[in-house]
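Chains as they are written, first to last, in the working numbering: chain A, 1 to 598; chain B, 1001 to 1097.
Misleading hints may appear alongside valid ones.
Derived lysine-lysine pairs resembling DSBU-like cross-links, with alpha carbons at most 35 Å apart [said to hold, decoys possible]:
| no. | chain 1 | residue 1 | chain 2 | residue 2 |
| --- | --- | --- | --- | --- |
| 1 | B | Lys1040 | A | Lys322 |
| 2 | A | Lys451 | B | Lys1040 |
| 3 | B | Lys1040 | A | Lys210 |
| 4 | B | Lys1038 | A | Lys431 |
| 5 | A | Lys451 | A | Lys421 |
| 6 | A | Lys59 | A | Lys435 |
| 7 | B | Lys1026 | B | Lys1040 |
| 8 | B | Lys1038 | A | Lys210 |
| 9 | B | Lys1038 | B | Lys1023 |
| 10 | B | Lys1026 | A | Lys435 |
| 11 | A | Lys210 | A | Lys435 |
| 12 | A | Lys197 | B | Lys1023 |
| 13 | A | Lys276 | B | Lys1023 |
| 14 | A | Lys210 | A | Lys451 |
| 15 | A | Lys210 | B | Lys1034 |
| 16 | A | Lys198 | A | Lys59 |
| 17 | A | Lys210 | A | Lys59 |
| 18 | B | Lys1040 | A | Lys276 |
| 19 | A | Lys431 | A | Lys421 |
| 20 | A | Lys210 | B | Lys1026 |
| 21 | B | Lys1034 | A | Lys59 |
| 22 | B | Lys1038 | A | Lys198 |
| 23 | A | Lys431 | A | Lys197 |
| 24 | A | Lys451 | A | Lys435 |
| 25 | B | Lys1026 | A | Lys322 |
| 26 | A | Lys59 | A | Lys322 |
| 27 | A | Lys421 | B | Lys1040 |
| 28 | A | Lys451 | A | Lys431 |
| 29 | A | Lys201 | B | Lys1040 |
| 30 | B | Lys1038 | B | Lys1026 |
Label-pair distances were calculated between CB atoms; the ranges are [to be verified]:
| no. | chain 1 | residue 1 | chain 2 | residue 2 | range |
| --- | --- | --- | --- | --- | --- |
| 31 | B | Tyr1085 | A | Arg513 | 40 to 50 Å |
| 32 | A | Glu99 | B | Tyr1085 | 32 to 42 Å |
| 33 | B | Ile1082 | A | Pro547 | 31 to 41 Å |
| 34 | A | Arg363 | B | Leu1050 | 18 to 28 Å |
| 35 | B | Ile1082 | A | Glu388 | 29 to 39 Å |
| 36 | B | Tyr1085 | A | Ile194 | 27 to 37 Å |
| 37 | B | Ile1082 | A | Gly252 | 21 to 31 Å |
| 38 | A | Glu427 | B | Ile1082 | 43 to 53 Å |
| 39 | B | Tyr1085 | A | Glu388 | 29 to 39 Å |
None of these hints come from the bench; they were simulated from the model.
Using N, Cα and C, we set each Cβ at its ideal position, and we do this for glycine too.
As a plain string of letters, each chain reads:
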Amino acid sequence: MASITKADTPPIEYEERGFRQVMSVVHTWSTLVPIWVLYFVFITGTIGYFHVEITNWMKPEIDHVAEPVDDAVLFEHATRYLGENAAGATTWSISLPSERRETSFIFWSRNITPEERETLTPAQQEELRESNSGNVVLDPVTGATYGDEVRATGGGDLLYRMHYVLHYMPRAMGEYIVIICTILMFAGLVTGIIIHKKIFKDFFTFRPAKGQRSWLDVHNISSVMTLPFQLMITFSGMLFYLATIMPLVFYGPTATFGFDVEDFLTSESIADVNPKNQELIGILAEEVFGITPAPEAAGVQASMAPLSDITSDFRSRYPDAKIDRLILQNPSDQNAAATIRFVPGIGSPAIGVANYSAATGERLGDSAGERQGSVAGNIQATILSLHEGRFSPIALRWLYFLTGLAGAAMIASGAVLWARKRRQAYETELKRFAKTSAQSGDGAADPKVGKGVIFVEHMNVATIIGLPIGVAAYFLANRLIPVGLEGRASLEADAMFIAWALTFVMAVIRPSRRIWTELMWLACAAYASIPFANAFTTNRHLGASLPDGDWMMAGFDLTMFGIAFLFGLTAYRSAITRVDIKPQPNAAIQQPVMDPAQ
Amino acid sequence: MTLFVVFFLIVGASACLCLSFDKHYKKLMGKALKSPIKAKLRVGGYTVLLASLVTGTVENGWLGLVYWFGLFSLATAPLPFIVAYLDQRFRLSERAD
């Protein structure tokens, strides 16, 4: 029994290869090695553009707020609650409801003063901090707070987190894996542009039913049409980890000013770093971000100016800025300070800060007016804002979502293309070998393809379709796991990965010709069942959310139906195509012979 | 409203540019592309594309540029599949042969 081995393939002299061919090899391997991690990062990151909406859907106990609420009403409820429950805290933070988050998230904490740091033990300091900190979700209309009745869930935030720290591993390890994969992806994009000779000529080209050529066209379309997004998202992804990728460049200059990096990295909070570092951080915060330190508490009780007057004054100055939250330092003290954190928009610092005296309501300055931040800081903030779509209205968020999916399609088609190329090359080689061995009387050739190719094929289907099935399982688990169950948030994540792992088992045991269609039907069923699970377990189903104008809930359910429809349509088309192709068993042989090493 | 205008301008521009390629013109129109028409389609396509960019950025500034890239992807990505579908459905290129 003869079989094809790598040794039978004539070696290719590297000297014979042109620049584009070498880049082609770099493109193939720089993207193939991290391909499934990249797909995971792209899918979870793309979902992350709606992480707030997903979190809202995953906490159905929090009521829909139909009308926008006046700031004065919100602040009255919030300060009354904080006054009763957080009088000992030195910081109060009140988030303002928006079209994305209808409720207000308030939290409070206590700083340890220098005197307390000297007189109290670390355990006592920790206890003081713990007993004076907390958070709660507040209904801005009624002033009611949500507590244990809200189900514990990772929400959309967990999916969003997964795209940069992965899951089931230490944060640092996850980050390093994502960083390496991002660098390889960037190399893949650049080399992809170099090797695509007919980038303009093939711009509108799709050749259907042509095997791997069709996959190549899909790969080209999904990458070229969305290239600006792919370049931006990958480059800005690396920029997030500037300090990790280039630690000497980042930390080197800080040493000139006497900044102790080790102390900074090992301290639990900014309050714990050494005095020299505190001074330098203060300068950095003021010069780069326009954040001025809060004045020391005077220790004299004083009434506060109406907080809604402060936000009104801010809105009159910056009508387009979105207020994120209002932070009060030393509340009810003569030196109480109010800081408005806001998203100023593209081309400005990522987070704007406006300072007021909370006692008098007097404006003290801000980072968006006379303080614009450094040019380098603004460029970095703009690129990072572009990555996260911080300033994006809902329409732009959808565009981010769709181009993100196109990025996932680019990765998926690349993975499929690689496997198809290898399988086709093996089959062509095997048939040629069988012919020659039949002529020479050596016996028939072994019709098996390489184990690596089979592994990649299994991983492809289990990742490309299996991961969306896992995400559907995550949403279903949110509705099906009992609300009061201990550790339900981590169980939801477990459900996602278990479902995903099961698709890999299916990929191994089911025939490769059918598995794509079967998993797509499964994905269709899983996504279609999510709105039904919502309807059976909550009162926020489509029958209620649509008449109430609760688009947060209705939008999610309708999107699930939409995704189910797309999976169903693809499965149906894929089944039809398979039947159409079946009468042509030798179609593969008619394809041009590909270079296996390409 | 501006977004819809920008989107349809990009669709129009992409259609012109797509038709300015010999093979796509033959597939969609069922006849060979002549040089004067090719030049007109190309110039028209790029002009409309530029107009869409100006329309988007004048209204929305830098954010308009971000919108434009997103809308460009959304408008152009389905075009190759539509061309392939129309070619399979009507077989105009075969009639041209």
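So, going through the hints one by one against the coordinates:
1. Lys1040/B <-> Lys322/A: 45 Å, violated
2. Lys451/A <-> Lys1040/B: At roughly 54 Å apart (the allowed maximum being 35 Å), Lys1040/B and Lys451/A break the hint.
3. Lys1040/B <-> Lys210/A: 32 Å, holds
4. Lys1038/B <-> Lys431/A: 45 Å, violated
5. Lys451/A <-> Lys421/A: Holds - the C-alpha atoms of Lys421/A and Lys451/A are around 15 Å apart, at most 35 Å.
6. Lys59/A <-> Lys435/A: It is violated: about 64 Å lies between the C-alpha atoms, which goes past 35 Å.
7. Lys1026/B <-> Lys1040/B: 16 Å, holds
8. Lys1038/B <-> Lys210/A: 28 Å, holds
9. Lys1038/B <-> Lys1023/B: It holds: about 12 Å lies between the C-alpha atoms, which stays within 35 Å.
10. Lys1026/B <-> Lys435/A: 41 Å, violated
11. Lys210/A <-> Lys435/A: Within the cut-off at roughly 25 Å; holds.
12. Lys197/A <-> Lys1023/B: 18 Å, holds
13. Lys276/A <-> Lys1023/B: Roughly 69 Å between the alpha carbons, so the hint for Lys276/A and Lys1023/B is violated.
14. Lys210/A <-> Lys451/A: 25 Å, holds
15. Lys210/A <-> Lys1034/B: Given that 35 Å is the threshold and the Cα spacing comes to 29 Å, the pair holds.
16. Lys198/A <-> Lys59/A: 49 Å, violated
17. Lys210/A <-> Lys59/A: Violated. Lys210/A to Lys59/A sits at ~47 Å, over the 35 Å cutoff.
18. Lys1040/B <-> Lys276/A: This hinted pair is violated, its Cα atoms lying about 68 Å apart.
19. Lys431/A <-> Lys421/A: 15 Å, holds
20. Lys210/A <-> Lys1026/B: At roughly 20 Å apart (the allowed maximum being 35 Å), Lys1026/B and Lys210/A satisfy the hint.
21. Lys1034/B <-> Lys59/A: Distance ~61 Å between Lys1034/B and Lys59/A Cα, so the pair is violated.
22. Lys1038/B <-> Lys198/A: Holds, because 19 Å separates the two Cα atoms, which is no more than 35 Å.
23. Lys431/A <-> Lys197/A: 31 Å, holds
24. Lys451/A <-> Lys435/A: 23 Å, holds
25. Lys1026/B <-> Lys322/A: Judged against 35 Å, a Cα distance of about 51 Å means the pair is violated.
26. Lys59/A <-> Lys322/A: Satisfied, since the Cα-Cα distance of roughly 24 Å is no more than 35 Å.
27. Lys421/A <-> Lys1040/B: Given pair Lys421/A, Lys1040/B is violated - Cα atoms ~40 Å apart, limit 35 Å.
28. Lys451/A <-> Lys431/A: 18 Å, holds
29. Lys201/A <-> Lys1040/B: 18 Å, holds
30. Lys1038/B <-> Lys1026/B: 12 Å, holds
31. Tyr1085/B <-> Arg513/A: 40 to 50 Å: 25 Å, violated
32. Glu99/A <-> Tyr1085/B: 32 to 42 Å: Taking Cβ atoms as reference, Glu99/A and Tyr1085/B lie about 37 Å apart, which means the hint holds.
33. Ile1082/B <-> Pro547/A: 31 to 41 Å: 37 Å, holds
34. Arg363/A <-> Leu1050/B: 18 to 28 Å: With Cβ atoms ~43 Å apart, the hint is violated.
35. Ile1082/B <-> Glu388/A: 29 to 39 Å: This hint holds: roughly 33 Å between Cβ atoms.
36. Tyr1085/B <-> Ile194/A: 27 to 37 Å: Check passed, 31 Å falls within 27 to 37 Å.
37. Ile1082/B <-> Gly252/A: 21 to 31 Å: 53 Å, violated
38. Glu427/A <-> Ile1082/B: 43 to 53 Å: Between Glu427/A and Ile1082/B, where Cβ atoms are some 33 Å apart, the hint is violated.
39. Tyr1085/B <-> Glu388/A: 29 to 39 Å: Given a distance of about 36 Å, which is inside 29 to 39 Å, the answer is holds.
Taken one by one, the earlier hints fail for this structure at numbers 1, 2, 4, 6, 10, 13, 16, 17, 18, 21, 25, 27, 31, 34, 37 and 38, listed in ascending order.
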